[in-house]
Amino acid sequence: MRRGEASARRPWTLQSGNALLLFLPGLFLAVFFLWPLLRVVVRSVTDPQLGFENYVRVFGTGAYVRVIRTTVETAGLVTLLTLLLAYPVAYAIARAHGLRLKLLMIFVLVPLWTSVVIRSYGWMIVFQRQGVLNDILLSLGLTDTRLLLLPGAVAVYVGMVHIMLPFMILPLVASMRAIDRSLLLAADVLGAPPHRRFLEVFLPLSLPGVSAGVALVFMTSLGFFVTPALLGGPRLLMAAVLIEEAANVRLDWPIASALSTTLLLITTALYLVYLRLTRGSAPLLGR
Amino acid sequence: MSGSASALARRGAFASFVGLCFTYLLLPSVIIVPMSFSSQSYLSFPPSGLSLRWYQGLAADPAWQAAAMNSFLIGLPSALIAVTLGTLAALATERGGLRWATTAVAVIVAPMMLPHVILAIGLYPVMLELGMLRGYLGAIVGHAVIGLPLVFVSVSAVLKNYTPALELAAMTCGADRLRSFLHVTLPMIRMGVLGGGILAFAASFDELMLSLFLTGTGTRTLPRLIWEQLNDFLTPTIAAVATLIFSFSLLLLGALAVFGRIGRSMPAPLALATAETAAHG
Numbered sequence: 022m023r024r025g026e027a028s029a030r031r032p033w034t035l036q037s038g039n040a041l042l043l044f045l046p047g048l049f050l051a052v053f054f055l056w057p058l059l060r061v062v063v064r065s066v067t068d069p070q071l072g073f074e075n076y077v078r079v080f081g082t083g084a085y086v087r088v089i090r091t092t093v094e095t096a097g098l099v100t101l102l103t104l105l106l107a108y109p110v111a112y113a114i115a116r117a118h119g120l121r122l123k124l125l126m127i128f129v130l131v132p133l134w135t136s137v138v139i140r141s142y143g144w145m146i147v148f149q150r151q152g153v154l155n156d157i158l159l160s161l162g163l164t165d166t167r168l169l170l171l172p173g174a175v176a177v178y179v180g181m182v183h184i185m186l187p188f189m190i191l192p193l194v195a196s197m198r199a200i201d202r203s204l205l206l207a208a209d210v211l212g213a214p215p216h217r218r219f220l221e222v223f224l225p226l227s228l229p230g231v232s233a234g235v236a237l238v239f240m241t242s243l244g245f246f247v248t249p250a251l252l253g254g255p256r257l258l259m260a261a262v263l264i265e266e267a268a269n270v271r272l273d274w275p276i277a278s279a280l281s282t283t284l285l286l287i288t289t290a291l292y293l294v295y296l297r298l299t300r301g302s303a304p305l306l307g308r
Numbered sequence: 016m017s018g019s020a021s022a023l024a025r026r027g028a029f030a031s032f033v034g035l036c037f038t039y040l041l042l043p044s045v046i047i048v049p050m051s052f053s054s055q056s057y058l059s060f061p062p063s064g065l066s067l068r069w070y071q072g073l074a075a076d077p078a079w080q081a082a083a084m085n086s087f088l089i090g091l092p093s094a095l096i097a098v099t100l101g102t103l104a105a106l107a108t109e110r111g112g113l114r115w116a117t118t119a120v121a122v123i124v125a126p127m128m129l130p131h132v133i134l135a136i137g138l139y140p141v142m143l144e145l146g147m148l149r150g151y152l153g154a155i156v157g158h159a160v161i162g163l164p165l166v167f168v169s170v171s172a173v174l175k176n177y178t179p180a181l182e183l184a185a186m187t188c189g190a191d192r193l194r195s196f197l198h199v200t201l202p203m204i205r206m207g208v209l210g211g212g213i214l215a216f217a218a219s220f221d222e223l224m225l226s227l228f229l230t231g232t233g234t235r236t237l238p239r240l241i242w243e244q245l246n247d248f249l250t251p252t253i254a255a256v257a258t259l260i261f262s263f264s265l266l267l268l269g270a271l272a273v274f275g276r277i278g279r280s281m282p283a284p285l286a287l288a289t290a291e292t293a294a295h296g
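So the sequences go chain by chain: A and B. According to this note's numbering, the stretch in the first sequence is residues 22 to 308, in order. According to this note's numbering, the stretch in the second sequence is residues 16 to 296, in order.
Rather than coming from a laboratory, the hints here were simulated on the basis of the structure. A few of these clues could be false.
As the list claims (entries may be wrong) - Label-pair restraints from in silico Cβ distances: (1) S160(A) with Y39(B): 16 to 26 Å; (2) V86(A) with P77(B): 41 to 51 Å; (3) R217(A) with S31(B): 20 to 30 Å; (4) P77(B) with P109(A): 41 to 51 Å.
Claimed, not checked - Here are the simulated lysine to any residue pairs, SDA-like style, with alpha carbons at most 20 Å apart: (5) K175(B) with V208(B); (6) K123(A) with T38(B); (7) K175(B) with T299(A); (8) K123(A) with A270(B); (9) K123(A) with C36(B); (10) K123(A) with K175(B).
Said to hold, decoys possible - Quick look at which bits of chain B chain A covers, simulated, 3 or more residues with Cβ under 8 Å: (11) 49-55; (12) 75-89; (13) 105-117; (14) 201-213.
For each residue, glycine too, the CB sits at the ideal point set by N, CA and C.
Hey, can you work out the whole structure from these sequences and the hints?
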């Protein structure tokens, strides 16, 4: 056997040599993913000279600190709102079956396949001064003048929650469908009223999906660009918008690098938490 | 029977809440379609008259055609790179018996989770030095970094469903590694590869941030052109483009539904990966 001779020291197994397949993708990611990230971090402490002066500038300037705080607060609020809307929807999907389940899943997936830029454009149509929302508010008599909602924080929240909803719904559905229904039946048989059955059995069992969804949504929300740029403008400035503007408009790459590194550190920390929550083996399943 | 009446009311409230959430989910996609057939040049909903003038305008404008062409010229090769490398990576981590497989997976999936602006800031000087900035190659490579984890997740999910014993059986019967891959492994993971490829293409087709940094005026993609137009003026032209892209996306989603069987049998990672393609606002 030629194979036996080639690896005389260790017996041949099916796995032998498969690790070599990682060479090309590894090389690609090293050059075009890890190396660029490293460059950003290094540049933030070497440009224009060695030291932490860029960070002193970032954390010493009220405007930059405010943007970082706004980014974290917005991500937190969006995560909370997303969870509140997604939980009942996921509950409805988890209980559905057959055609109804397929239809509900398609309703969740369709918005995902509309580009983010285009969805923000849709919200611009809704929120503008002559837009649908103002029409409705006027005809209901809730206001007597057209409101200036764009640019504004409310529009950004509505747009961001809309984009994040499926990310919360999908892991929640996955963990809810994994719940053993006989446990709910047992609670029933033992005389638990519906609200106790939900609060003391169903809710705790769905928590793994909740934590995975929350981590995923919070992490992704931190890096939002299109929605805050188009709908928030100067009223709600988030980190990614500021970084893009610093690099592409002001050509202030040292500051852009320092801000990026800050965002990178926060996201990486959250990513590690997320991997922990999903136990690494199935990094995208909410259980 | 006040008990059942209040239970009915509760169920009704729950159903209408869920219904409202679904309306919210579909609203911005749906509102664009009638706008694109408006006869006026300002955005009013519902449009007071119908026309095809915005579609005719699109057909006559070379800038939109060039941008659509560029989106395909960048999207297809980048999806091809992502499919090749993503499949290799999935095979290595699922079948390689690596001791540090968890770490490898974490790094491979990371581009999907990271804010794209950081990657864009990092890739810009690298592409500049390699002479790939503002050309097709730089954008293709950049988009492939985003697409790779999508293929990886999709193929890994399928590989997990099959036991390595099948490949072992093939090799015991005398097949070499290549034949075992071509005749046993590849037919098993075909749907994962194809589904991942569609996801990678869709991710590239929707990618704005990397295009803002890596493409030039000659290679700018559809999202970038829409972005530039949105900052200047709001006309139904963009609604017409959006409607066309929306229809195209639905076709891709349909293809994915046929190959990936959406619903109960659709693997959750694939569903979530679908989600991830559109996430990075």
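Quick rundown of the hints versus the structure:
Between S160(A) and Y39(B) the C-beta distance comes to about 20 Å, which sits within the given range of 16 to 26 Å. Take V86(A) and P77(B): their Cβ atoms lie about 46 Å apart, and the range 41 to 51 Å holds. Between R217(A) and S31(B) the CB atoms are about 24 Å apart, so this pair conforms to the stated range of 20 to 30 Å. For P77(B) paired with P109(A), a C-beta distance near 48 Å keeps the hint of 41 to 51 Å intact.
Of the supplied pair hints, the one linking K175(B) and V208(B) holds, its CA atoms being roughly 14 Å apart against a limit of 20 Å. About 17 Å separates the Cα atoms of K123(A) and T38(B), which keeps this hinted pair within 20 Å; it holds. This hinted pair checks out: K175(B) and T299(A) have alpha carbons roughly 16 Å apart, not beyond 20 Å. Only pairs whose Cα atoms come within 20 Å are accepted, and K123(A) paired with A270(B) is accepted, the gap being roughly 15 Å.
As the CA atoms of K123(A) and C36(B) are separated by approximately 17 Å, the hinted pair is consistent with the 20 Å bound. Of the pairs offered as hints, the one joining K123(A) and K175(B) is violated, with about 24 Å between alpha carbons and a cut-off of 20 Å exceeded. For the stretch 49-55 of chain B, the assignment as covered by chain A is violated, since 1 residues bring a beta-carbon within under 8 Å of that chain's beta-carbons and 3 are needed. Taking a C-beta to C-beta cut-off of 8 Å, the stretch 75-89 of chain B contributes 0 residues in contact with chain A, too few for the three needed, and the coverage statement is violated.
For a cut-off of 8 Å, the count of residues in the stretch 105-117 of chain B with a CB near a CB of chain A stands at 8, and the three-residue condition holds. Counting residues of the stretch 201-213 of chain B whose beta-carbon sits less than 8 Å from any beta-carbon of chain A gives 0, not enough to reach three: the coverage restraint is violated.
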